Each structure stands twice: as C-alpha cells, then as structure tokens.
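Given these sequences and hints, build the entire structure.
Those sequence lines, one after another, are chains P and C. Numbering-wise (this note's numbering), the first sequence opens with residue 448 and increments by one. Numbering-wise (this note's numbering), the second sequence opens with residue 535 and increments by one.
Bear in mind the hints are in silico, worked out from the structure with no lab data behind them. Take the hints with a grain of salt, since some may be wrong.
Said to hold, decoys possible - When the alpha-carbon atoms are kept at most 20 Å apart in a straight line, the in silico EDC-like pairs for lysine to aspartate or glutamate are as follows:
no.	chain 1	residue 1	chain 2	residue 2
1	P	LYS456	C	GLU672
2	P	LYS543	C	GLU869
3	C	LYS665	P	ASP586
4	P	LYS460	C	GLU673
5	P	LYS471	C	ASP857
6	P	LYS456	C	GLU869
7	P	LYS543	C	ASP855
8	P	LYS459	C	ASP669
9	P	LYS521	P	ASP562
10	P	LYS459	C	GLU672
11	C	LYS717	P	GLU502
12	C	LYS665	P	ASP587
13	C	LYS806	P	GLU578
14	P	LYS460	C	ASP669
15	P	LYS471	C	GLU715
16	C	LYS676	P	GLU463
17	P	LYS543	C	ASP857
18	P	LYS460	C	ASP692
19	P	LYS471	C	ASP692
20	C	LYS862	P	GLU569
21	C	LYS545	P	GLU578
22	C	LYS865	P	GLU542
23	C	LYS599	C	GLU731
24	P	LYS460	C	GLU715
25	P	LYS499	C	GLU715
26	C	LYS665	P	GLU463
27	C	LYS717	P	ASP507
28	P	LYS500	C	GLU673
29	C	LYS856	P	ASP586
30	C	LYS891	P	GLU569
31	C	LYS682	P	GLU578
What the hints assert, rightly or not - Short, incomplete list of chain C residues facing chain P, as computed with Cβ under 10 Å:
no.	residue
32	GLY621
33	THR622
34	ARG626
35	PHE757
A quick note: this is a predicted structure, and the numbers were derived from the prediction, not measured. Glycine included, every Cβ here is placed at the ideal spot set by N, Cα and C.
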Amino acid sequence: MSKFEFSNKNEKKFQELLTRYPNKMSLTLPSLWMIQYQEGWISQDAMIYLAKKLETTPIDIHSIASFYTMFNLKPIGIHHIQVCKTLSCKLCGSEKIRSHLKNRLGINFGETTKDMKFTLSEVECLGACGEAPAMSLNDDYIGNLSIKKIDKILDEL
Amino acid sequence: MIVQIISKNFKIENSHKLKVALKHDRYSSLKRLFSLTPNEVIEEVAKSGLRGKGGGGAHTGDKWKLMPQNHEKPSYLVVNADESEPGTFKDRQIMEHDPHLLIEGIINSSYAIGANHAYIYIRGEYLFCTKRLNDAIEEAYKAGYLGKKVAGFDYKLDITVHRGAGAYICGEKSALLESLEGKRGHPRLKPQQKEPEWFFGAPTVVNNVETIASVPYIISNGFKNYRNYGTQESPGTMLFGLSGHVENPGIYELPFGVNMKDVIETIGGGVKGSKKLKAVIPGGSSCQILKADEIENITLDYESLKAHGSTLGTGGMIIIDKDTSIPKVMKNLFEFYHHESCGQCTPCREGCGWVDKILGKLLDKKGTRKDFDTILDACEMLNGKTICVFAPSVAFIANSYISKFQDEFYSLCKN
Ligand SMILES: Cc1cc2nc3c(=O)[nH]c(=O)nc-3n(C[C@H](O)[C@H](O)[C@H](O)COP(=O)(O)O)c2cc1C
Ligand code: SF4
Ligand code: FES
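Next up, the structure:
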C-alpha cells in the first residue's frame, strides 16, 4: 500500500487536467510537479501511487522523473539556491559568487545543510544572462548578484 | 536602429494585464484574421517571409503548409517556450511583459493550421512566466478571447501551459513532444521527407514563442508592411540579446540586416570597462565563435552569418573581451553539452564527455598536442552519426574554437 495520496486540491487539478490532453500519459510531468509541491520531493511511495493512476509501472515513472533535473528524488532543504554556472554568468564573475555561497553555507554543490535549511545546486543557463551573474532562490530569480547582495538576502532568511 | 513590433508594449506599466493590453492594440488582429480563410492566413504568413526564431530560421509559412488537410486526428499547435540555449533570454521578455501578445499569436496561428487546442511547453525554471501566462490565459477565457467562441467568432480554442522540468534537450522539437507525451525528452529519428511533427500521432506544428508573437502584426498590417523591415531573405525583426562583457546587456528588437559591430558599440555601449573585443558568439552558445576582426562586415541576418561561417541562431550574442581565455570558454560550454546530452546516442553521450575531460587536462597543463587529434576524432564521430543535430552542432563549435584560437590552445601544451 502506498502511503502517498494527492491532496483534495491536487486531485481536483488532476481531474481537470485529464480533460485537457488527448492521452493521460501527458499528465506525468504535471503530476510529478504536484507531488513535489505537496511533499517537497518525490518519494518512492508517490511514484507507486502515480504509476497506478496513470496505468503504468513505478519503474517507468522513476525513469522519467530521474531524467529531469528539477525533480528532487530525495528530500532537500527549505531554501533551494541554484546558481548558474554557464558562460554569460561566468564572464560576469559568477566564480566569486559560487565560492562565496559554498563558504558561507559550509557545503558543496549538490549538498544540503545539516539543519535542512539550505540546499545548494549549480545549474546550467537560467535564461537570465542579461542580469548575469544569476541564481534562483526557490521559485524566484535573482540577478546582478554581488557578494553584498547575497549576504543581505541570506541574512534575511 | 531599434524598432518595436514585438516589443512595443514591453515598457508600458502593467502591460501584462488584459485591460492595459487591450488599450495597446492586443487582440486587434482578430477582426481581420476571421475575415480570412485559414489558407489565406497561411499564405499571408508565407508571403511575409517570417522565419522561425527558435534557432533554425525555417520559413514558418512553409512549415504550416505541411499540415494535412483532412487528418482523422485533430491538429495541434505547440509553442516552444523551453528557452535554454546559453545566451538566450528573449522569449521570457514576451511572456513576462506581453503575455496577451503570445495568446493573440496563438489564436492567429492555431486558426491558420486548424488547431483547436494549443500547448505552451515552458521550461520549468520560468515559474514567474508560467504564472503570468496562466493569469493572462484565465483573463482571456473570461473575456471570451479563448474558449468555445473566440471573440464571438465561430472558432473554438483552448490553451494549456505545460511545465518542463529542467532538460535543455527538450527544446528540440521532437524531444519536446516526447516530453509533452509524458516521457523522457529523447529526440526522435527524423523522417526522410518533410512532414509535420506528431503529438500522440496527431499532426502538430511546433513554433518558438517569438515566431508566434510575430504573427499578429503580419495579419493586422499585411505581409508588405512586415517586409518593410529587414532584408529580402530575412524579413522583419528579431529580439536580439547582448550578454557577457558588454556595458548594456539586454534584449533589443532590431530589424534584420543591421551591422553587428554597430549594435555592440552603440546599443550595447561597447565592451565592458572599455576593454578590447576578442570574440563574439553570435546567436546562443551553439553557434561557431567569431573573432573580433571577423565581425567588421557582418550584418545580423541569416545569410551574412552563414557567409561568415557561423549561424544567427537565437540572436543571443555573447561578448568576450581581450583578457578572456578562449580554452576556458570552450571548457565551460563543453561542461554544458556534456551535462545536457540526452544520452541516446553513444557518440554524443561519450564524445561530449571526452572533449570536456581533455579540455580539463589541457587547462591543467597536463596535455600534449596529440590531445587535439583526439578532440578532432571525437568531433568526427559527433558529426552526422546521431539522432538529432545536438551532436553535429557541438562538433562545429569545437572546430571553430580550436581552429580560430589555435595558438592559445597550443600554448597550453607541454610540447
Ligand atoms: C538541441 C536543440 C535545442 C533547441 N532548443 C530550443 C529552444 O529552447 N527553444 C526553441 O524555440 N527552439 C529550440 N530548438 C529548435 C526547435 O527544434 C524547433 O526548430 C523550433 O522550436 C521551431 O520553431 P521555429 O520554427 O518557430 O523556430 C532547439 C533545437 C535543438 C536541436
Ligand atoms: S545527438 Fe545527443 S542529444 Fe541528440 S539524440 Fe543523440 S544523444 Fe541525444
Ligand atoms: S549564463 Fe547564467 S543565466 Fe544564462
């Protein structure tokens, strides 16, 4: 028995989405997003639950979920910082920003602080090259980064 | 130099709200649109010479003509809002500042190709744009611009926003459709002849956000007016991007055919800190690099870039100053390609990794000249032996970096 279940809100959303696609397999990504927002990550239980709903196998769902970098297959911190490592940001000094974030949080990329407060990731071009260097903090973009700006943001969290 | 066809409303306060959008011409193309037959709309777009802004520059009208007239399954329009090419951040401006322009474009385009449902596939990171789009779509449904009778005409249209989840390759149109079908974003093998794309076996057009956003102007003002801008082969305008070592980074709408150097020096304000220019990557990272002395006579259009051994791509120029190490630039991009190869084809999956590793070795001063042979061998394997054009374009760019900056690469070698 899977311990995961969609919240009422998500179940309603799921039913609504069913009417918007010619085939329910299209609901894989939208459902994985709903799970991630509901649980904070995507557990095995949730994948088993989703497989049943979409009439496929859990391993299929796992293979799809693991293809996409934004799906978290393990729990992450409350604040997820994703800093861009690609060219335009690099040319605008992202190296300094990246090492400052690592030093300040005391973790490497791909790691979470022990108190589960912060997860630090490095990501490819965010599509914010005009405001390089850039990062995202949970769902928001922050551009034109400087060490001072980062300290101010982190101090306030 | 700057013109405003697509970007007209970008700086207007609250331009994303329907009330404001309506005051500034949004949805004004619909009257003429519905006075034309779908085929007449396709013809108008074909005559305008509109070319796809997603990187390939395909003629939009020709693409639409590939749609079968009486297929048993319904037709679909899928808008490519995956925008993940390094150096590219233009589609975002449209979705943030003028989502109703995109919706209006979708109505025009869907009507032309006979689609009653359109999907916008948007990259997962663009959450702000996703919300903007969803809000605008909701407003449009309420005001009767979407739904059973679009603007009171006998035409039904629904739009659904579909969020990706972080995979560069999903910008490739067939990978995008695989992803929309709920699978891994693996590009499909291409057919011998030109045909439409297929979404669950139904005929489908995939177009970039900016392409679709260009359509309302053409329908409102006629193809001749669109052709007043740009060149014969590259008509109209494009949202060009400037990033990297430039004083005024940003997105600027320009007619095709303007001089690249002028754009960098005037609109861009020149190289940051008044340094000397070393190189420009003209249209997103997948375009061959150009040396400073090569750009003197280049104009921003498909033909000129091609004649100079590169491509216009997405129009996102990355400016690189004199003090930058080109091997380091190349290494940075190969980390990207290594990470983003979808992994279906062995030459691509392994080759991008090899080149990345060898570049690392060279930068650590542990390489020899023989390593370049290995890089060129890997490029040979990447070219023409894979499912999609990701690998060949990686091979082209590798060659351009190494051949144009050979001395700099050789100076890293032990012997
Ligand atoms: C590796 C790869 C990545 C691509 N990424 C994008 C993208 O992010 N956005 C986009 O619109 N087109 C992208 N394209 C181009 C699409 O395959 C397709 O040609 C385009 O969306 C068609 O629209 P257009 O004709 O309006 O340009 C990419 C192509 C390749 C090979
Ligand atoms: S060339 Fe690379 S990205 Fe394209 S299908 Fe093959 S492995 Fe995937
Ligand atoms: S390179 Fe960092 S946002 Fe594009």
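Hint check, failures only: The structure breaks hints 5, 6, 28, 29, 31 and 35; every other hint is satisfied.
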